[in-house]
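Participant: Given chain R, work out where chain G should sit, using these hints.
Chains as they are written, first to last, in this note's numbering: chain R, 313 to 646; chain G, 111 to 206.
Think of the hints as simulated: they come from the structure by calculation, not from any bench.
Quick caveat, the model's predicted, so the values are computed rather than measured.
Derived lysine to aspartate or glutamate pairs resembling EDC-like cross-links, with alpha carbons at most 20 Å apart: (1) K202(G) x E191(G); (2) K627(R) x D139(G); (3) K627(R) x D131(G); (4) K627(R) x E127(G); (5) K612(R) x D521(R); (6) K317(R) x D344(R); (7) K539(R) x D135(G); (8) K443(R) x D487(R); (9) K120(G) x D131(G); (10) K477(R) x E421(R); (11) K317(R) x E609(R); (12) K372(R) x E315(R); (13) K125(G) x E195(G); (14) K627(R) x E637(R); (15) K627(R) x E180(G); (16) K477(R) x E508(R); (17) K536(R) x D135(G); (18) K125(G) x D135(G); (19) K201(G) x E116(G); (20) K539(R) x D139(G); (21) K128(G) x E637(R); (22) K183(G) x D139(G); (23) K317(R) x D601(R); (24) K612(R) x E508(R); (25) K536(R) x D139(G); (26) K627(R) x D144(G); (27) K627(R) x D135(G).
Residues from chain G shown here face chain R by an in silico Cβ test under 7 Å; the list is partial: (28) L138; (29) A143; (30) A151; (31) M155; (32) A158; (33) R159.
For each residue, glycine too, the CB sits at the ideal point set by N, CA and C.
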Amino acid sequence: MVELKFGVEFVPMNPYWKTSLFAIESERSGFDNVWITDHYNNRNVYVSLAQVATYTERIKLGPGVTNPYMIHPVMTAQAVASLNEIAPGRVICGIGVGDKTTLATVGIEQQSPLAAIRDSVQIIRDMTSGKGSQLEGKAFKVSGAKFFFKVGNPIPVYIGAQGPKMLSLAGEIGDGVLINASHRRDIENALKFVREGVARGGRTMDKVDVGIYTSFSMAEDPAKAVKAATPVVAYIVAGAPQPLLESHGIQVQAAESIKNGIARGKWKEAFGQVTTEMIEAFSICGTPDTCLERIDELGKIGMTQFVAGSPLGLKVRGSIRIFGEQIIPRLTHD
Amino acid sequence: MLRYVEPTAKIDPSKREKLSDSLLDLILDSGNADRLTPELARSLMDAARRRELSTETGLQILLKAGALLEPEKTTGTLEAEGFLELASELKKSIGK
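In isolation and in its complexed conformation, chain G is listed as follows:
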C-alpha cells in the first residue's frame, strides 16, 4: 500500500500547482528515467495531456514517479515545500 498517496488529498489546492511543477521538473531532470514503468509513464502523459497534474490524482502519479526515480530528492522537495506529513509517509514507503 502506498501510504503517501492518501495525504495528497489534504494538500491545499492553492499549493498544488507549485508542488506539481517541482515534482515534474524533478522527474524530467532525473538521470534514472529508465526506472519509470510503462504503465506509470502512460498515466503521467495522460494526466499531462488532460492538464490534471496538479489535481489530487495527478499529484499521486507524480509522487509515485518521483519515488521511483528520485526517492530522496522527492522527499527533500516535499520537506522544502512544507509537506512534512507527505514526506514522512513517503520515507516510510521507501524504507528510509
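Okay, chain R solo, but in the shape it has when bound:
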C-alpha cells in the first residue's frame, strides 16, 4: 500500500512571520510538505521559503508553483539549489505555466506552454545535478550554464497541471504532478492523462508522486468552513472553462454573473451567488469527518499526496491543528 503524504499550501499575502509560524505548526501537526505560491503581487516565494527553512527541521518545502515565464528556469534552479543549502534534502520544486491573468498584467504571454515546461524541467534537473545545462529546446536555449557551487542531492521537480497535455507531460517527465482539482470525478479524469504520460515515458506510476492540490476548508462548524471557502470558490468558478462548469451542472450564466461581480469589486454580490454545488465541485469543505471521507476516497483512486490549499479555514492555525489531530493519524495508521 502506498503511503499517503500531506502537503499544505501557503500564499505569502501574509507577512513572513505568519507564514513561518503556520509552517512550524504544520510540521508539528505531521504535514510532509509546505508549498508556497509564487505570484509577483505577493511576497517573494523564495524569501518566504528561506525563512520557513530556517524555522523548521523536517518538513519539505518548495515553490508551489513557480512558472518559467516570469522567472527563467536557470534562476529557479539557482533559487532551489540555494534553498537546499539551508534545508539539505528538504527542497522540492513545483513548476507550471502560471496564471494567465497575472502574467498579462506584466505583458507576458504563455507561449508554447508544453515546451516551456518540458525544457524547464530539463534545465532545473541539469543545473541542480551539477553537470550544468546545454539545451537547444523549443522554448529555451541554454549553452553551458553551470553553477559555481555544489547542490549535493537531487531536487524533485513537480509539474502543476490541469489540461490533458500538461497532465500527460507531468506523467512522462515529472517527479510528481500537482493536479489542481478538488472533485473526485475531475481527478479521475486527470489521472487518465497522467497514466498515459507515464506509459509514454516508459515509466511506472510509483515513480510519480500524484499530488492533488485542492481548495480546502475545514472547521468543526461546517458553516464556518463554507464561509471560508466561498471567496476562493467564487474565483475558481469565475475562471473555470465552460465544459468543466457544465460537467458539474453549473450554469455558465451563474459563473458569468459571479465573474462580473468580482470584476466590479462587488464582493458581497459575487460571493452571495456561490452555491452548495459550486462548493462541492471546487473545494473540499466541511467538518473533519466530511473532509476525511473525501481525502480517503482520493487516496483510493491513486492520489499519493494530498495538498490542503487555500483557504484551509477561517482560522488557519486551528485548521492545521485539527488536520494533524483528526485527519493525518486516521489516514496513515488505519
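Facilitator: Showing chain G alone in chain R's frame:
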C-alpha cells in the same frame, strides 16, 4: 518599562499552555500584522521553533506582540482567562 511583563512569572505553569494558545491565535488572526516589529517577529518565531511559547519568556513575547497588534483584545483575553493582575498592568502600559 513594560510593567505587565513581570506578573507572567506568577502564572501557574498549568495555565500557561492555554494562555499561550489564546494569545498566539489572537496575534495570527490580527489584521494589524504590520505593527509587529521585525525584532519581535524574530523573537516570536525563535520561541515557536524552540517550543518556548508557553514558558515565561515565551508568554512575555506573546504579550508584547499582543499589546502591539491587538491591545484591547489582549487585555480582554487575559481578563476572560482570569489573569486580572496581568490585564490591569497591560492596561496601564497601553494607557487605558
